[in-house]
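Both chains are sitting in their own frames, so use the hints and assemble them into the complex.
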Amino acid sequence: MASSDVKPKSVSHAKKWSEEIENLYRFQHAGYRDEIEYKQVKQVSMVDRWPETGYVKKLERRDNTFYYYNRQRECDDKEVHKVKIYAY
Amino acid sequence: MVAEKETLSLNKCPDKLPKRTKLPLPVHQPHSLVSEGFTVKAMMKNSVVRGPPTAGAFKERPTKPTAFRKFYERGDFPIALEHDSKGNKIAWKVEIEKLDYHHYLPLFFDGLCEMTFPYEFFARQGIHDMLEHGGNKILPVIPQLIIPIKNALNLRNRQVICVTLKVLQHLVVSAEMVGEALVPYYRQILPILNIFKNMNVNSGDGIDYSQQKRENIGDLIQETLEAFERSGGEDAFINIKYMVPTYESCLLN
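Protein chains in written order, with the numbering used here: chain E, 1 to 88; chain L, 1 to 253.
To be clear, the hints were calculated from the coordinates, so they are not data collected in a lab.
Just to be clear, a hint being listed does not mean it is correct.
Unchecked claim - Lysine-lysine pairs mimicking BS3-like chemistry, simulated, CA-CA at most 30 angstroms apart:
hint, chain 1, residue 1, chain 2, residue 2
1, L, Lys-89, E, Lys-82
2, E, Lys-42, L, Lys-98
3, E, Lys-57, L, Lys-197
4, E, Lys-42, L, Lys-137
5, L, Lys-64, E, Lys-57
6, L, Lys-197, E, Lys-58
7, E, Lys-58, L, Lys-98
8, L, Lys-93, E, Lys-58
Stated by the list, open to error - Not the full set, but computed from the structure, chain L residues with beta-carbon under 10 angstroms of chain E:
hint, residue
9, Ile-90
10, Ala-91
11, Val-94
12, Glu-95
13, Glu-132
For each residue, glycine too, the CB sits at the ideal point set by N, CA and C.
Pulled out of the complex, with its shape left as it was, chain L reads as follows (with noise of 0.2 angstroms):
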């Protein structure tokens, strides 16, 4: 009873209330509600969307065992293991001019994706050895070579990209005709260099020394960029500018 007549007695005078109690709040949630996008529970006024989940363009992808790989344990490799070498030198156990590039070039780029000693060794310098020595051994192997570069750059790893796009402006002066031939296939490899471009570190006044190592993806990509225009000849500013929007030419004005 006394309580009915407290309760009573609150409704009819709001303003006489005692002190010891206090009104209850209006009912508001203590926490905001955290919901997904695109949801009905999202539509609710207190609840906080979640921002979408990273696409993971920056993300590392796992390495897969490469053919390089086997082919090595194996043995089949014209190379000579050096125990002694004092340069970064590979002794090479038949003339590089009488190998078959249609096989051993594919072979050698496949291992760019490795990333341990001695097969990321091996296969930057036999890849240097033969490009040096090619002559126009490589222009027919070029449509064989662009799998095997697109699977380096797709590891989106940044020592075997920037390995990769040094052996690209090498591959791409090495012979005649091969800047050119390399144009059709630009909407392969080139999009990757899409989402690195832009990988330059704003240290202000500071000097950046992976600019004098040659590792600053960013400036790598550029400079591989102007390597492709400069040799690709007509057609390949315009292939390149199609795939990287934000590069601009070097050639013309």
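Extracted from the complex, chain E is given alone in its bound form (with noise of 0.2 angstroms):
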């Protein structure tokens, strides 16, 4: 894994839901772009995710404090749009 940091090269809007966009939605939710950055800031190489749906499960913000996320969907239609999608 790189030890510097990995800046993305675009960024896009998210259209429509997918598992993807969920997980996106958790990690900025979060104060993080995607799995990469917080991969990175925190130092981790696993993220806890619920094991039925993969969905992201735990994550730790940058203040130390834990946000915990449903088993189930989230990220509602109109909060899709929101999304970012990053591209290295």
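See below:
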């Protein structure tokens, strides 16, 4: 894993919900761009996920508090367009 | 003298009455006498017995300050205050898996009695998170949760009852054996449900939006009792039926 920060090259907004968008929503809700940034900042290799659905379960925020997410989908359709997809 | 003669003549010939004066009516009370039941006064012919005073089954009880509020204001909870959260989520300072459930879970359940923001939000969301991630730590704490649940239901406040019922539904599916562990305590928590069970709005053909939002008490109670029966094992139905006689089983036919 690269130790230096990898910056994304472009940003786009999500149009339709998918499982990937759901996980991105959860990361962005906790204050990170996506999984890559979370792993860089927190120096962890694995992210806690729900076993059945694969959605992110627990994230540690930058102020060291914890966010817990539900088993089911949390990102509403009206929030989908706010989710940013970063391309590297 | 004249008066005497008049009265005498009246007595002798009652038909020949002077037109000006009228006979006084027989003695009737102008208003009927209102009296309490089971008294000598009630036995009188013209007394009307007042109905019994209302028992106040549906009357809301006032809330007492809860231990939850005290601890929250002291900052004893491992919850971080969020001013910028866009969702209905709380941030935990400590990982939930490391929390002492024996200490914190009854305190959060105590917060179910709260009706004002932010106490009721934190109590509700805190309980939800702790039940989601508790696993086998929930079962040993069940006996300590009964009194807070009973206190919350006894307030007879619709909003509090709705929240408590949803919490109970989550509780019985949160971990194994929790439903069975709750069966001995039915006689403490089910009597209130018996009172509110028929509180359904009869709107005829109209749409009852409270049902969609899961706020119709009668339906919520029915859902909760069904959840109890499903997770309570063999003895659940008979115990529920003992406390809520109008409940019909959803598992047996």
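These are the hints, each one checked on the structure:
Restraint check for L/Lys-89 and E/Lys-82: satisfied, since their Cα atoms lie roughly 18 angstroms apart, inside the 30 angstroms limit. For a cut-off of 30 angstroms, the pair hint linking E/Lys-42 to L/Lys-98 stands: about 19 angstroms separates their Cα positions. Straight-line distance between C-alpha atoms of E/Lys-57 and L/Lys-197 comes to about 37 angstroms, which puts the hinted pair past the 30 angstroms bound. Annotation: proposed proximity of E/Lys-42 to L/Lys-137 holds, straight-line Cα distance about 28 angstroms (limit 30 angstroms).
Only pairs whose Cα atoms come within 30 angstroms are accepted, and L/Lys-64 paired with E/Lys-57 is rejected, the gap being roughly 36 angstroms. Between L/Lys-197 and E/Lys-58, the direct Cα distance comes to roughly 38 angstroms. Violation of the 30 angstroms bound is thereby established for this hinted pair. Between E/Lys-58 and L/Lys-98, the direct Cα distance comes to roughly 14 angstroms. Compliance with the 30 angstroms bound is thereby established for this hinted pair. About 13 angstroms separates the Cα atoms of L/Lys-93 and E/Lys-58, which keeps this hinted pair within 30 angstroms; it holds.
A least Cβ separation of about 9 angstroms between L/Ile-90 and chain E falls short of the 10 angstroms threshold, and the interface hint therefore holds. For L/Ala-91, the shortest C-beta to C-beta distance to chain E is roughly 4 angstroms, which falls under 10 angstroms, so the interface hint holds. Because the closest C-beta pair between L/Val-94 and chain E is about 8 angstroms apart, less than 10 angstroms, the hint holds. Hint status for L/Glu-95: holds, given a least beta-carbon distance of 6 angstroms to chain E, under 10 angstroms.
Against a cut-off of 10 angstroms between C-beta atoms, the interface hint on L/Glu-132 holds, since the closest Cβ of chain E lies about 7 angstroms away.
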